[in-house]
Amino acid sequence: MRFVRRKLIQLVVVLLCVTFLSFLLISLLPGDPATKLCAGAGGQECVDQKRTELRLDDPIPVRYVRWLGDAVTGDLGASARNQQPVWEALTQRVPVTIELLLYSQFMALIIAIPLGLLAAQRAGGILDRVSTTVLFGLLAVPSFMLALLLIYIFPVKLGWFQATGYTDFTDNPLESLGSLFLPALSLAAAEMAVYMRLLRTDLIATLQEDYITMAKAKGMPPRRILLRHAFKPSSFSLITVIGLNFGRLIGGALIIEIIFGINGLGKYTVDSILGQDFIPVQGAVLVIAVGYVLINFAVDMLYAALDPRIRHARALA
Amino acid sequence: MSRRMVTAEPGAHPETRSTLLEVVDLKTRFRTDAGTVHAVDGVSFTLDRGRTLGVVGESGSGKTVLSRSVMGLLPSRNVEREGHVLYEGTDIIGFDQKRMSQVWGAEMAMVFQDPMTSLNPVMKIGNQITESLRFHLGVDKGEASATAVALLKSVGIPAAEQRLKEYPHQLSGGMRQRVTIAIALACGPKVLFADEPTTALDVTVQAQILDLLAEQQRERHMAMILVSHDLGVVAGRTDEIMVMYGGRVVEQAPTDVLFADVKMPYTEALLRSIPRIEHPSHARLEAIPGRPPKLISPPKGCNFAPRCRYAQPKCTEETPPLVAADDPRHLYRCWFPVGSAEGADALARNLADGTTVAYPTSPGSAPAAATPGTDGEGA
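As they're listed, the protein sequences go chains A and B. Heads up: the first sequence begins at 1 in the numbering used here, then just goes up one per residue. Heads up: the second sequence begins at 1 in the numbering used here, then just goes up one per residue.
FYI, nobody ran anything at the bench for these hints, they're computed from the structure. Here a beta-carbon is modelled for each residue, glycine too, at the ideal position from N, C-alpha and C. Among the hints, erroneous ones may be present.
As the list claims (entries may be wrong) - Cβ-Cβ distance ranges computed for the label pairs, FRET-style:
{"id": "1", "chain 1": "B", "residue 1": "T90", "chain 2": "A", "residue 2": "T132", "range": "57 to 63 Å"}
{"id": "2", "chain 1": "B", "residue 1": "E88", "chain 2": "A", "residue 2": "A304", "range": "45 to 51 Å"}
{"id": "3", "chain 1": "B", "residue 1": "A348", "chain 2": "A", "residue 2": "P222", "range": "38 to 44 Å"}
{"id": "4", "chain 1": "B", "residue 1": "V139", "chain 2": "A", "residue 2": "L254", "range": "55 to 61 Å"}
{"id": "5", "chain 1": "B", "residue 1": "K153", "chain 2": "A", "residue 2": "T132", "range": "30 to 36 Å"}
{"id": "6", "chain 1": "A", "residue 1": "G124", "chain 2": "B", "residue 2": "E88", "range": "32 to 38 Å"}
{"id": "7", "chain 1": "A", "residue 1": "R2", "chain 2": "B", "residue 2": "I277", "range": "29 to 35 Å"}
{"id": "8", "chain 1": "B", "residue 1": "G89", "chain 2": "A", "residue 2": "G124", "range": "48 to 54 Å"}
{"id": "9", "chain 1": "A", "residue 1": "V141", "chain 2": "B", "residue 2": "M116", "range": "22 to 28 Å"}
{"id": "10", "chain 1": "A", "residue 1": "P114", "chain 2": "B", "residue 2": "D140", "range": "40 to 46 Å"}
{"id": "11", "chain 1": "B", "residue 1": "T32", "chain 2": "A", "residue 2": "L16", "range": "55 to 61 Å"}
{"id": "12", "chain 1": "A", "residue 1": "T132", "chain 2": "B", "residue 2": "I277", "range": "25 to 31 Å"}
Unchecked claim - Covered stretches of chain B (chain A as the covering partner; in silico rule of three or more C-beta atoms under 8 Å from a C-beta of chain A):
{"id": "13", "stretch": "121-129"}
{"id": "14", "stretch": "132-143"}
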């Protein structure tokens, strides 16, 4: 439990640093919400009035502390462009991003894990070479290319799936998964090769271990050796990289979101940045930072769940 | 260690003194990029029920490969096996993995060298024992656990119930080796391969583990192949000894016959390298100079010749065959055997010359082969 407590303290520190730095960075950019709001009308008078209204004239630390105070009470401010509260926007956008994230990783893993297991068992065999070549081919194709290709093949030519748009998961789970199928596949394609090769390489090393020969000498069938004896100790690199990918995708997959017309967190963040609408950006940064730290935490906990030695070392630490 | 009473003396089963395992001209080759490695080159032996065979040799002599090859545990890729392994009269050399699964664990089992690496670090000890019980004997979970507790107790592990839920890293090296022995014994195998079972252990527990193996062997009337680099280890614990060098058997005899009348200079050299308690302290340890032979395209002649104190021109030209001594059970592979007139002659000649014919004439490295007695300065 000391481990969990330490992680929680770490979470708070990381969040303070990240949000302050992004606050600082945004304040350094030329232009502010007031000029944006008064664009085209009002002139300097309007800008001054808006600045006072939004209290933009206060020093940065004061504004940061004010933002922080509001944030802990759940008030992340509102967009300067359309007055939509940031919290409301995030509750709409974040579930889309998370669904896409989980969906794409699930897709990548459901292909990569069985292939990795089979390829490791017969390293250098036909399946190993064919799957490696195909997956590296997919890895080499940029995701926007693949996305356009998939749109051309499925919705345009075959009439399968939809080219753009998103159905909410709570409205209709099946339709929702259908609407995200192509975006998720575009994201997953590049990751399959990486996941499969990582698992394959670690498995090949594990299969050389004495305890695998020992399991064989006990008469355990090859499939059981692979799944019960070798898989768990070979999954550490895989988990690490999955964690990194989760962290990367929590900020949204901007290009894929734009191509498929999905209103995810990535699109929201970029739209806000381009509109010099900084309160929403600050909210998005907060979500991304929390996501990153939580994923790191989850990966750490997974290591311990998989390896009793880590568990015991932590219990003693 | 012999808390449990011995239930069966080897002599108590005269009617079961039948051949259990017969290995005939077993060859094992590895195909590598550098060439073919002849790791086991025509080894034959017979093992009766309840008996112990010691396999002795340096690192690289092929003893570990031999035991794995007999058991069929080597990977199938780039490995060639030839010859016959008759287990209870059936040649198992052509068995596929599926048929071997019925043999492994249930008929033949193995205790590995290093208990730090031979137990799965992420599996509970209990599961590692019960999985083979459930697979081979088809017992349910509860029964398997009960058997596992009994097994752990029989190999001398205290608080066995509790240990089932622990992981290997929570146990000491000696305890772990006891666990691997329990795993190997779980399904009542008839042959146990013990591949250097004490090499990785602390000296203080080595004797305990060897005693445990001997005790279990007697109780279960199990045959055992004890692989070791240490003639001292196998001396008092085997019925027969096979000395290996460069993948070949160089001397093979019943244990008492071998120690009474060593024929092979290599065996003699191994014996000379055992430290003796009667030597003065700080006496220099005897070593065998040089290295074991390369097993890729081995040179003609006797492959021990470059390191042998007895080596003569004939040794580098002609490979000595495995011949029987006066006792037909005693086989050796040497042109100038220890204890013979030819051997004494050869050694005297080499000592006089200060070198041997087979020693590579590299400057600076004096051939220790011809250094007399126990001074061993050339090594």
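- Message: Checking each numbered hint in turn, tell me which of them this model violates, lowest number first.
- Response: 1, 3, 5, 7, 8, 9, 10, 12
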